[in-house]
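Engineer: Respectively, the protein sequence lines represent chains A and C. The first sequence runs 1037 to 1255 under the numbering used here. The second sequence runs 325 to 613 under the numbering used here.
By construction, these hints were calculated from the structure, which means they are not laboratory data. One should not assume that every hint holds.
The calculated lysine-lysine pairs, modelled on DSSO-like cross-linking and capped at a C-alpha distance of 30 Å, are [said to hold, decoys possible]:
hint, chain 1, residue 1, chain 2, residue 2
1, C, Lys-378, A, Lys-1251
2, C, Lys-456, A, Lys-1049
3, C, Lys-453, A, Lys-1050
4, C, Lys-505, A, Lys-1183
5, C, Lys-450, A, Lys-1178
6, A, Lys-1049, C, Lys-429
7, A, Lys-1251, A, Lys-1049
8, C, Lys-378, A, Lys-1253
9, C, Lys-429, A, Lys-1251
10, A, Lys-1100, C, Lys-459
11, A, Lys-1100, C, Lys-540
12, A, Lys-1100, C, Lys-505
13, A, Lys-1183, C, Lys-452
14, A, Lys-1100, C, Lys-456
15, C, Lys-448, A, Lys-1178
16, C, Lys-549, A, Lys-1100
17, C, Lys-333, A, Lys-1100
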Amino acid sequence: MLVLILKDLLLSKKMLPLVAVYGFFMIIMFSGALDNGGAAYAAVTAAVGYILMTRAAYYEDLNKSELMIMSLPVRRSQVVFSKYLSVMVFFILGAFSYGIAAAIITLAKLPLNVPPITVEILAGAATGLLLLVSLSIPLLFKFGYIKSRIINMFLFFGAFFIPLIVSKNNNGVPLISSLISYLKKQPDFIAVAYMLGFAFLITIVSIIASLKIYKNKEF
Amino acid sequence: MENILEVCKLSKSFPGFSIREVSFELPRGYIMGFIGPNGAGKTTIIKLIMNLIKKDSGKVNIFGLDHSANEIEIKNRIGFVYDENHFYEELNVSEMSFIVSRFYKNWDEQVFKKYLDKFGIPLKQKIKKLSKGMKMKFSLAVALSHNAELLIMDEPTSGLDPLVRNDLMQIISELIQSEKKGVFFSTHITSDLDKIADYITFINNGEIIFSESKEKIFEKYRIVKGDKRILDPIRNRFVGLKENSYGFEGLILGTEDIGIENDDRCLIEKPTLDDIMLYTVRGIEKCLS
């Protein structure tokens, strides 16, 4: 399974230099916005993970390479699990990139404010990414990258704009409104646990759906 | 004799096309050519054997094992070459082989390097920069580097120049010197098989027309050419027939006398696989219409 994750990393290697400079980019972009810097960081980290994942899927589709992979001695379930694990690796890369950039800027005493990245913000980024890929990976397995890219594009932008719209107009939706106010009253670690718990639950449902789709997939 | 590949009453339906009760056997130590026109179902059968598509019914046994229940073990012992490149074009030869090699229990890096040297494929070359012939050779190098006992090839020679095709035939001939191995090789370029195949399986429109040793096939079929005036009494003996204003040429199945053997206006020849394929397909088309 590790080699399948490595395969995804190799396929997205063209994007990896961007990940390396991504931390610096984030700090430069949001150094003046200490209040919202963390939230922006979370959103962009989720986006980076998502983009790397879809990049690998694009190359997978380009030469119908699943046909080759499935002709090798590999279980279909391993292919499914490895895709979710690859996303986590991409997420960790994004987080490291930011951490290294922050350390370099702080040590070099550059005149930039480094928005603090807390556990809550990292959890928010992980939640966003997990929800996003939980919806898109089963679609990728079912239809492939090329056929599902329109839906995935809507998902990608929806993941950023829908929470924004909901948070601004939540008075009209009592359930969301009361959920948000409930979470705001909780200690941070409880809110984080709820968030991650929800994301993991959705991810498990997504993995089960992907396993079912891939088990019956014909190449 | 132990069969390395057994396909029994294999069926699969798609909208507008179906594979119907396909059966054949390949004994260990031999090469089977799998022929048929485009769209006959060759690639579908190969995908069914490789468990890339699910069968509706029937059995596929490889090395005596069910292909679905023992998929991992079987695929460890199979080498495959497909008609198109399915390797990741963005990766180079070294990266791609690193990934593939990790899946096989018996990967032999020395053998792989030997084939790369022999084919003149640079390790650092990106797959997408390789020519079609080189891509096929790379695919072959991968297929031959994990001590595969059965080589499954789907139209490996399509689109290749005669030199590369000849190289491929040479390698397959060398490979089969070991009696432990088997080769299942689909193609619509039947001249490739004239040289190397021991058995021929012919599929048309999702059905097996025959699956036999090459010698037996050539014994069974005859090409009959002649003057139109001698055609009528034997017309119903033809599998496929081509007529023009001067005469006729057709394929006959069976070794029994047709009654015109000694007629000066008739010529009887051994058919090529191309003749058999061509006339059989035309004959069937004629019957359908």
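Engineer: Next, verify each hint and record whether it holds.
Structural biologist: Consistency of the hints with the structure:
no., hint, verdict
1, C/Lys-378 <-> A/Lys-1251, "10 Å, holds"
2, C/Lys-456 <-> A/Lys-1049, "25 Å, holds"
3, C/Lys-453 <-> A/Lys-1050, "17 Å, holds"
4, C/Lys-505 <-> A/Lys-1183, "40 Å, violated"
5, C/Lys-450 <-> A/Lys-1178, "29 Å, holds"
6, A/Lys-1049 <-> C/Lys-429, "27 Å, holds"
7, A/Lys-1251 <-> A/Lys-1049, "29 Å, holds"
8, C/Lys-378 <-> A/Lys-1253, "9 Å, holds"
9, C/Lys-429 <-> A/Lys-1251, "24 Å, holds"
10, A/Lys-1100 <-> C/Lys-459, "15 Å, holds"
11, A/Lys-1100 <-> C/Lys-540, "39 Å, violated"
12, A/Lys-1100 <-> C/Lys-505, "28 Å, holds"
13, A/Lys-1183 <-> C/Lys-452, "23 Å, holds"
14, A/Lys-1100 <-> C/Lys-456, "16 Å, holds"
15, C/Lys-448 <-> A/Lys-1178, "34 Å, violated"
16, C/Lys-549 <-> A/Lys-1100, "47 Å, violated"
17, C/Lys-333 <-> A/Lys-1100, "29 Å, holds"
Hint compliance for this structure: hints 4, 11, 15 and 16 are not met, and every other hint is.
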